Amino acid sequence: MSEINNDRRQFMGKALAMAGIAIAPGVMLYDVKAGNDGKPASSKVRWGMLIDSNQCKEGCDDCVTACSTENGLSGGKKSTDSQWIRKVELKDMRSGRSLNLPMMCQHCEQPPCVDVCPTQASFKRADGIVLVDKHRCIGCRYCMMACPYKARSFVHEELHDQNPEVPRGKGTVESCTLCVHRVDRGESPACMEACAKAGHNAILFGDLNDPESEISKRIRTVATSQIRADLGLNPGIRYQGM
Amino acid sequence: MPTPESLRYKNKLYYLLLAAGGLVALAGLYAVHMMEEHGHIISGMNNQIVWGLPHVFAIFLIVAASGVLNVASIGSVFGKAVYKARAPLASLLSIAMLSGGLTVLMLDLGRPDRIIVAATNYNSTSVFAWNVVLYSGMFSLVIVYLWTMMERRMHVWSKPAGFAVFAWRFVLTTGTGLIFAFLTARQAYGSALLPPMFIVLSFAWGLAVFHLVQTTIYAWNEKTLDPAILRRKKNLLGVFVIASLYMVAVYHMTNLYFAHQVAFENFILHEGGTYTMMFWIGYVLFGNAVPLGLIYAPGLGDTRCVMMASALVVLGGFAFLYVFIIGGQAFPLNIFPGYVASSSFGDGQIAHYEPSIYEIMLGFGGLAIAFIITTVSVRVLNFMPQDKAYIAD
Numbered sequence: 000m001s002e003i004n005n006d007r008r009q010f011m012g013k014a015l016a017m018a019g020i021a022i023a024p025g026v027m028l029y030d031v032k033a034g035n036d037g038k039p040a041s042s043k044v045r046w047g048m049l050i051d052s053n054q055c056k057e058g059c060d061d062c063v064t065a066c067s068t069e070n071g072l073s074g075g076k077k078s079t080d081s082q083w084i085r086k087v088e089l090k091d092m093r094s095g096r097s098l099n100l101p102m103m104c105q106h107c108e109q110p111p112c113v114d115v116c117p118t119q120a121s122f123k124r125a126d127g128i129v130l131v132d133k134h135r136c137i138g139c140r141y142c143m144m145a146c147p148y149k150a151r152s153f154v155h156e157e158l159h160d161q162n163p164e165v166p167r168g169k170g171t172v173e174s175c176t177l178c179v180h181r182v183d184r185g186e187s188p189a190c191m192e193a194c195a196k197a198g199h200n201a202i203l204f205g206d207l208n209d210p211e212s213e214i215s216k217r218i219r220t221v222a223t224s225q226i227r228a229d230l231g232l233n234p235g236i237r238y239q240g241m
Numbered sequence: 000m001p002t003p004e005s006l007r008y009k010n011k012l013y014y015l016l017l018a019a020g021g022l023v024a025l026a027g028l029y030a031v032h033m034m035e036e037h038g039h040i041i042s043g044m045n046n047q048i049v050w051g052l053p054h055v056f057a058i059f060l061i062v063a064a065s066g067v068l069n070v071a072s073i074g075s076v077f078g079k080a081v082y083k084a085r086a087p088l089a090s091l092l093s094i095a096m097l098s099g100g101l102t103v104l105m106l107d108l109g110r111p112d113r114i115i116v117a118a119t120n121y122n123s124t125s126v127f128a129w130n131v132v133l134y135s136g137m138f139s140l141v142i143v144y145l146w147t148m149m150e151r152r153m154h155v156w157s158k159p160a161g162f163a164v165f166a167w168r169f170v171l172t173t174g175t176g177l178i179f180a181f182l183t184a185r186q187a188y189g190s191a192l193l194p195p196m197f198i199v200l201s202f203a204w205g206l207a208v209f210h211l212v213q214t215t216i217y218a219w220n221e222k223t224l225d226p227a228i229l230r231r232k233k234n235l236l237g238v239f240v241i242a243s244l245y246m247v248a249v250y251h252m253t254n255l256y257f258a259h260q261v262a263f264e265n266f267i268l269h270e271g272g273t274y275t276m277m278f279w280i281g282y283v284l285f286g287n288a289v290p291l292g293l294i295y296a297p298g299l300g301d302t303r304c305v306m307m308a309s310a311l312v313v314l315g316g317f318a319f320l321y322v323f324i325i326g327g328q329a330f331p332l333n334i335f336p337g338y339v340a341s342s343s344f345g346d347g348q349i350a351h352y353e354p355s356i357y358e359i360m361l362g363f364g365g366l367a368i369a370f371i372i373t374t375v376s377v378r379v380l381n382f383m384p385q386d387k388a389y390i391a392d
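Residue numbers (numbering that gives the first Met the number 0), protein chains in the order written: chain A, 0 to 241; chain H, 0 to 392.
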């Protein structure tokens with residue numbers, strides 16, 4: 000009798016060990032994925048951007064192209080195509096002054112998309128980046144209705160040739176991730192890099208919480224504004240020259 | 000007494016109606032299958048008009064599902080015998096329309112297969128998530144209420160159950176209104192007026208649907224509704240239509256008073272093309288003015304007039320929701336106040352929307368589900384209002 004029990008114990012032990020081995024890589028992968036160098040995203044950091052509309056050139060859409068290439072978007076401009084970043088041309092109604100600027104997810108401190116999402120698929124990382132969990136999104140599009148910046152797109156059709164670092168999914172909502180996969184590697188977003196490469200330097204990315212960062216210094220010294228600041232959402236993207 | 004021939008004829012007609020309803024529901028399912036297969040690209044919806052025709056159908060059905068319970072509430076809560084006799088039918092219609100509406104809403108999701116996530120990852124700040132609780136709660140409460148009314152031993156509980164349903168449906172329609180009221184940045188929405196407006200609209204739409212179904216059932220059973228009851232109920236419909244028109248007028252008038260909303264109102268009321276036409280002709284004229292004439296004009300107001308008025312109120316409801324939901328999104332979001340904006344993503348432009356056949360099929364599929372539930376239930380269970388000799392109370 001006791002022998003049988005021993006067998007059973009051994010079997011159970013082995014089964015548990017096997018299950019552990021099978022599950023461990025998944026758990027480990029999850030840990031490695033979450034954040035910078037294996038560290039989780041920290042609330043000590045608040046990633047943001049400063050966009051200088053004076054430097055943003057009319058007709059240039061290098062930031063848009065770079066975004067499409069980096070994130071595997073088609074770059075199409077149909078009303079059903081995803082556009083994570085777009086160039087907006089503005090004309091002051093009273094003075095007639097024209098200006099250009101790139102518009103994308105504003106990574107709000109109080110994001111309406113996160114408030115309204117029924118499944119918590121829209122979420123804000125500790126470092127201020129607003130993202131969509133593609134596995135939780137049920138595609139109700141309430142976040143698109145709630146976003147004051149029209150920053151979100153819905154994937155209307157089958158996707159091909161995805162960038163493995165930027166998973167997307169038909170029937171789910173998506174938007175600018177601030178190139179979170181690059182940021183977690185210590186790099187800057189693709190749009191900023193492209194803008195600098197074109198010699199315009201209209202986009203500056205950095206940590207808004209670090210008083211020594213270039214973005215913080217600039218914000219302290221020049222007049223900047225947030226789009227629809229009246230809504231009180233405190234976006235992480237600020238604009239200069241508006 | 001119905002003759003055996005007429006019974007046989009009716010039997011055939013019943014199965015024919017059921018088959019027709021089934022076919023429409025199947026067409027709806029086919030549309031869902033196609034949208035699953037190809038994505039929403041085959042719908043008319045896009046990144047500017049994110050909610051389209053399916054939402055018009057779904058919201059109409061859900062709002063009317065709450066409003067139709069008014070008939071039950073007036074019976075159970077306020078103790079009016081004429082209405083009490085109609086409470087089971089009203090409850091049935093509520094369940095049927097709620098099922099149809101929710102099915103459309105759910106099947107229009109980008110990932111309807113993940114609907115369970117809405118329960119496993121509940122976001123307590125989301126009005127949508129609140130509505131999941133409100134809808135399922137309403138379902139359960141109305142079923143309990145029906146049970147208390149149809150099971151003799153449970154009659155003592157029908158008043159408290161009626162009260163619970165009465166309270167719940169107010170909260171539910173408030174929740175439906177809040178879906179839009181909490182969209183602060185959109186010119187068309189973001190108003191505290193919306194929840195009460197939806198409640199009043201629900202009264203009119205629900206009662207109109209009730210009239211249509213009740214008249215059909217009476218005709219089916221070769222019975223005539225007591226003219227006194229008809230008069231009373233048509234007057235109630237008239238009052239609800241006037242009240243809903245008032246709420247809609249107040250909503251637009253307050254918008255017109257705010258300088259920053261004038262452009263939006265100008266779009267809906269004046270320059271919006273299809274939307275303007277739908278609002279004035281579809282909603283105001285055919286959805287309100289003509290029904291009021293049919294109800295109140297001297298010499299009118301018989302069964303046929305009330306039936307036609309009810310049908311027009313329902314169609315007007317659809318017209319209203321089309322303008323409210325789709326017209327509200329078509330007007331460009333004011334992201335840069337004080338600037339004229341243009342971009343590749345529709346900034347500063349009126350968004351284009353043309354519903355596709357699949358959306359129409361899905362919407363009608365929802366109506367068909369409500370129809371099938373009603374038709375089958377009315378046949379197998381006793382939902383026919385049983386009036387005592389009518390004495391005004």
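Certain hints may be false.
Under the rule of at most 20 Å between Cα atoms (straight-line distance), these lysine to any residue pairs were calculated in the SDA-like manner [claimed, not checked]:
| hint | chain 1 | residue 1 | chain 2 | residue 2 |
| --- | --- | --- | --- | --- |
| 1 | A | Lys123 | H | Ile40 |
| 2 | A | Lys169 | A | Leu98 |
| 3 | A | Lys133 | H | Ile40 |
| 4 | A | Lys76 | H | Val116 |
| 5 | A | Lys133 | H | Tyr121 |
| 6 | A | Lys77 | H | Gly38 |
| 7 | A | Lys123 | H | Thr302 |
Derived by calculation from the structure, the hints in this document are not laboratory data. Just so you know, these numbers come straight off a predicted model, no measurement behind them.
- Quickly compare the C-alpha distance for Lys77/A and Gly38/H to 20 Å and report which way the hint goes. Distance of about 15 Å is within 20 Å: holds.
- Query: Taken at face value, is the distance from the CA of Thr302/H to the CA of Lys123/A at most 20 Å?
  - Reply: 58 Å, violated
- Query: Straight-line Cα separation of Lys169/A and Leu98/A no greater than 20 Å?
  - Reply: Violated. Lys169/A to Leu98/A sits at ~35 Å, over the 20 Å cutoff.
- Item | Restraint check for Lys123/A with Ile40/H, where alpha carbons must lie at most 20 Å apart | 29 Å, violated
- With a cut-off of 20 Å on the C-alpha distance, tell me whether Lys76/A and Val116/H pass. Measuring from Cα to Cα gives roughly 32 Å; hence the hint is violated.
- Does the alpha-carbon distance linking Lys133/A and Ile40/H stay inside the 20 Å limit? 19 Å, holds
- Query: Hey, Lys133/A versus Tyr121/H, does the alpha-carbon distance stay inside 20 Å?
  - Reply: Holds, because 16 Å separates the two Cα atoms, which is no more than 20 Å.
When held up to the earlier numbered hints, the structure conflicts with 1, 2, 4 and 7 and fits the remainder.
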